[in-house]
Amino acid sequence: MRGLRAWLLRLVGSFRKERDDREFADEMESHLQMHIDDNLRSGMSALEARRRALLKLGGIEPTKEIYRERRGLPMLETVLQDLRYAVRTLRKNPGFTIIAVLTLALGIGANTAIFSMVNALLLHPYNFPDLDRLVRVWENRGIDEGADARLIAPQDAADLLSGAAVFDALTTYKCGDLNLSAEGNVQPALGCQVSANFFDVLGVGPALGRAFNASEEQPGADQVAVVSYGLWQRRFAGDAALLGKVIQINGKKYTVVGIMPRGFDYPVPMELWVPLGLSPAEKTDRAKLSLESLGRLKLGISVAQARSAADSVSRRLQQEYPTTNANRRSEVLQLRRELYLYTLPLFLLLQTAAVFVLLLACANLANLLFARIFGRQREIAVRTALGAGRWRLARLFVTETLLLACIAGGVAVAGSFWSVKVLRTSIAPSWTMWVPGWDGIQVDRTVLAFTVLLIAIVGLLFGLGTVLHSGQALPYAALKEAGRGPMLGSKCRLRSALVVAQVMFALVLLVCAGLTTQAFLHLVDVYQGFQAASVLRTEIRLPEKSYPENSQIASFYDRVLRGSASLPGVSAAALVTNSPASNVDNETTFFTISGRPAVNASEVPSADLQISSPNYFSVLRIPLVAGRAYSYADNANAARVAVISRSMAVRYWPKGDELGQQIKLGPANSKEPWMTVVGVVEDVRQNWWNPTSRPTIYEPFFQTPQRSMVFLMRVASNPAGYASGIREVVRGIDDQIGLTGVGTLEREITDSIAIIRIMGVLMALFGCVALALSSVGVYGVLAEGVARRIPEIGVRLALGAEPRDVMKLVLGQAVKLTGIGLAIGVPIALAVNRAMSSLIFGIVSINLLLLAGFTLLLLVVALAAAYLPARRAMRVDPLVALRHE
Amino acid sequence: MAQKKDVWQGTLAVMVLKTLDTLGPLHGYGIARRIEQTSGDLLAVNYGTLYPALLKLEQEGYISSEWGVSDNNRKAKYYKLTRAGKKQLEREAREWEQTTNILARFLSPGEEPS
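Protein chains in written order, with this note's numbering: chain D, 1 to 885; chain W, 1 to 114.
It is worth saying that the hints were derived from the structure and are not from the lab.
Check before you lean on any hint, since a few could be wrong.
Chain W stretches covered by chain D per the calculated footprint, using a threshold of three residues with CB under 8 Å from any CB of chain D [claimed, not checked]: (1) 22-31; (2) 40-49; (3) 59-69; (4) 73-87.
Straight-line alpha carbon distances no greater than 30 Å define the calculated DSBU-like cross-link-like pairs of lysine-lysine that follow [stated by the list, open to error]: (5) D:17 x D:92; (6) D:245 x W:75; (7) W:86 x D:283; (8) D:64 x W:80; (9) D:56 x W:75; (10) D:17 x W:56; (11) D:17 x W:75; (12) D:92 x W:80; (13) W:80 x D:245; (14) W:56 x W:80; (15) D:245 x D:545; (16) D:64 x W:56; (17) D:64 x W:75; (18) W:86 x D:64.
Beta-carbon label-pair distances, calculated as ranges [claimed, not checked]: (19) D:65 x W:75: 18 to 28 Å; (20) D:383 x W:73: 46 to 56 Å; (21) D:52 x W:22: 22 to 32 Å.
We treat Cβ as the ideally placed atom computed from N, Cα and C, and that holds for glycine.
Isolated chain D (complex conformation):
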């Protein structure tokens, strides 16, 4: 305690030097006077009294020095002194400081912004306690189900929980739009039916009211609801008395029992939860994968352990229930990693690019710093000659670079608050609301800690680099030469190496930028096989309660189609289960070809299934390749027919005899009806991440009506203007049905690839920064070299060299530096090129033209940067140059 008190006082003492100095001088003076007084009293002469007293007191200055050291903290004082010195040096060279700070701030800021996305989307997408123990559990039937269909059969889920012994709890749920009507108006709400333990498994309880209890899982007792904070605020105006009130969902009365805390929307972006009331038969169903599932792992159980435990349960079920569970395997994936398939490659790429930008900035700054050290050699030499140790000098440099890094970091953080907000709002909320963690993209504590770490690393690294670099300065030589003459060989090499590295980084970044931009431009064309212009789309969902029968569904949609087709300007209207560019994979199904039964279950072929109304192909202008498209005549009473995609025809009927063949959904023993293939249409690329179109079966809607459909309408022009028209039509048929996602198909496509667009913009930005930084780097080194070689150039000119030769000399160096950088960069860029094509889902292929173009561009920029120094070298006046010697 005493030690701490003393230390604190010394800390304070460090900052009030002058006052304390004066006080101590007074004290010494009074001491001296009292001594003289005593001496006088003992009979000495005035002179003798003073002499004796001074003698006794000893050296006043050394005493003051010891006193001073005790008073403050000498270590801190040198640090402060270094800091003051650093501030002074930086202020003295505003040009250098501004460039250095901006360069570094750019590098650090890019990393902070990208990391804020990585942090929110990859590291903390959800706010649940013990997030790493939450896992998604689903079943795979041995076909490519697509990442959206992660479903499990109810009884299998129960068996997994009891058989695998790795889960604390397992909850199941089922999501879909619910039509919520409150105070007379109907609006769709996103909602889920969830098991009673749903909120317990997630570890988040309602902010108001209660969650569900087990008795509410019984059909009949399940008419209770929990609403999200957002829904409560938006639809019920934050009404505190909502708890206990009755709301209507899909025409049924539900009592609100709980309101979730702000920000809870699992699975995103749900806003309404009701109990999953399964009948006993539904509960024990094993045939249909119908539920989503989420488990909380027991403490200490790893995902790998859970996976193998679930796997052994699955294998047991395969043997016990071969009819339903053949080939069925269970999958376990950390909830946090659920979207990694899409997000990891994108953000890894962006973060890598950001790190590259920082490295480039660092290389530039290193060049500036080394140039400055060269200019400061005389100062260093004087300091060394006056007795400054290596350590003391090192501290001086490290303080300076750390200060630089801190200022740059400050600028970067200030800027990132803005840039992160721009990033967050750059994609339409109707899309980002489906991305867990997107709203959490912000500069929070983790991001700040990351930035501080970055600043510390950069500052220290540069400080130490500078120290090592300056260590070569020989005081005597430097004092004598005072910064003239050619650079020492090793230094020149180091700085040249930095420029080479810059050129290399720039090339790699530019290639990345080019590829992403190209990918984006290409993406718009990626949705081949249909025409999106002049098409309006919307989603319609019919509640099961009011539309239990297929005939009712068919007649509702029939009236919608007829009603909309009669709107002026509408050329055709159609329905489909999943419109292209929806960012949702198609449903996948097994199918059997008549006369070709699969020998064993693993060989049953699979295809995407789309159900569409007659005019679908003409609305989207999907070309018919062979046969006919189905018509209104292909209805419930007619023979079952199907249209297949070209890739399916090619794959299963390579001889071209597909028309007239019989197929049915499911394996050979399924009860599904046989359908006749009547037509073949061109392939349609469903989503940007599917590298190729998958075989697709189209079934006529009026033979298998579905409640949830996407409605598409082709109009003469300005499709957005028809939104109210279609709303009117639907309201005229049933005023309890709301529409969601009304908009043009073109808009849907641009929105669906917004993330790639942002990536393209960011990468292009990074690429431009890289180009600018590297050209500044080339310019800096050459200008420096020319300035240093003026005497030499003078001699050359005096000895008869032509100005042209001098210019060649300088430009030659530029070409050499850039050439080496490019030579190293090209193979790296090629490797990156290859890695990227696989990373971003095969959208872009290796592009040699792009590579050649950027190589040339860098060379030209380097030559342009070399032009100024070269001109200066050419204009050296030999007389002036030699006089300096």
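Guided by the hints, dock chain W onto chain D, whose structure is given.
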């Protein structure tokens, strides 16, 4: 060397505390004179060590200082023992007594057990 200085500084602190305990508030010069006198002029107080020692004691809270006026009307900084200082003095005195006792036993002839 360093060892000796430490011991000296440690003893100087005790001497300062004891002096202030006996004489009450006193200035630096007075403390120095008193120590020299008490030691029978065997010790010469080095001011280069006295004032830093006073500062250290003050930072540790054992003494406090205040500007005042000396007997012959000179401005001087007076040091005063605090309560913590008094306790510290007792502790130090006890320790010294123990140390000297032990040393005395070692150094007195004939009492070594054979």
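Against the structure, the hints:
Coverage of a stretch by a chain is defined here by at least three residues with a beta carbon nearer than 8 Å to that chain's beta carbons; for the segment 22-31 of chain W and chain D the count is 4, and the condition holds. Judged by the Cβ-Cβ criterion of 8 Å, the segment 40-49 of chain W is covered by chain D as claimed, because 4 of its residues qualify and three suffice. Requiring three or more residues with a Cβ within less than 8 Å of a Cβ of chain D, the coverage given for the segment 59-69 of chain W holds, as 3 such residues are present. Restraint check on the segment 73-87 of chain W versus chain D: 4 residues with Cβ-Cβ distances below 8 Å, three needed, restraint holds.
Our distance criterion of 30 Å between C-alpha atoms is met by residue 17 (chain D) and residue 92 (chain D), whose separation comes to about 26 Å. Distance hint between residue 245 (chain D) and residue 75 (chain W) is unfulfilled; the C-alpha atoms sit about 85 Å from each other, more than 30 Å. Of the pairs offered as hints, the one joining residue 86 (chain W) and residue 283 (chain D) is violated, with about 83 Å between alpha carbons and a cut-off of 30 Å exceeded. The straight-line distance between the Cα atoms of residue 64 (chain D) and residue 80 (chain W) is roughly 22 Å, inside the 30 Å bound, and the hint therefore holds.
For a cut-off of 30 Å, the pair hint linking residue 56 (chain D) to residue 75 (chain W) stands: about 20 Å separates their Cα positions. Taking the CA atoms of residue 17 (chain D) and residue 56 (chain W), the gap is near 16 Å; set against the 30 Å cutoff, the hint holds. Distance hint between residue 17 (chain D) and residue 75 (chain W) is fulfilled; the C-alpha atoms sit about 22 Å from each other, no more than 30 Å. A C-alpha spacing of about 50 Å is found between residue 92 (chain D) and residue 80 (chain W), which places the hinted pair above 30 Å, so the restraint is violated.
Between residue 80 (chain W) and residue 245 (chain D), the direct Cα distance comes to roughly 77 Å. Violation of the 30 Å bound is thereby established for this hinted pair. Among the hinted pairs, residue 56 (chain W) with residue 80 (chain W) is consistent with the structure: their alpha-carbon atoms are about 14 Å apart, no more than 30 Å. Pair hint residue 245 (chain D) plus residue 545 (chain D) holds up; C-alpha atoms about 21 Å apart against a cutoff of 30 Å. For a cut-off of 30 Å, the pair hint linking residue 64 (chain D) to residue 56 (chain W) stands: about 14 Å separates their Cα positions.
At roughly 19 Å between alpha-carbon atoms, residue 64 (chain D) and residue 75 (chain W) fall within 30 Å of each other, so this suggested pair holds. In summary, the hint linking residue 86 (chain W) to residue 64 (chain D) is supported, as the alpha carbons are separated by about 28 Å, within the 30 Å threshold. Distance hint check for residue 65 (chain D) and residue 75 (chain W): the Cβ-Cβ separation is about 24 Å, which falls inside the suggested range of 18 to 28 Å. A hinted range of 46 to 56 Å for the beta carbons of residue 383 (chain D) and residue 73 (chain W) is consistent with their spacing of about 50 Å.
At roughly 27 Å, the beta-carbon separation of residue 52 (chain D) and residue 22 (chain W) lies within the given 22 to 32 Å, and the hint holds.
The structure fails hints 6, 7, 12, 13 (numbered hints given earlier, in ascending order).
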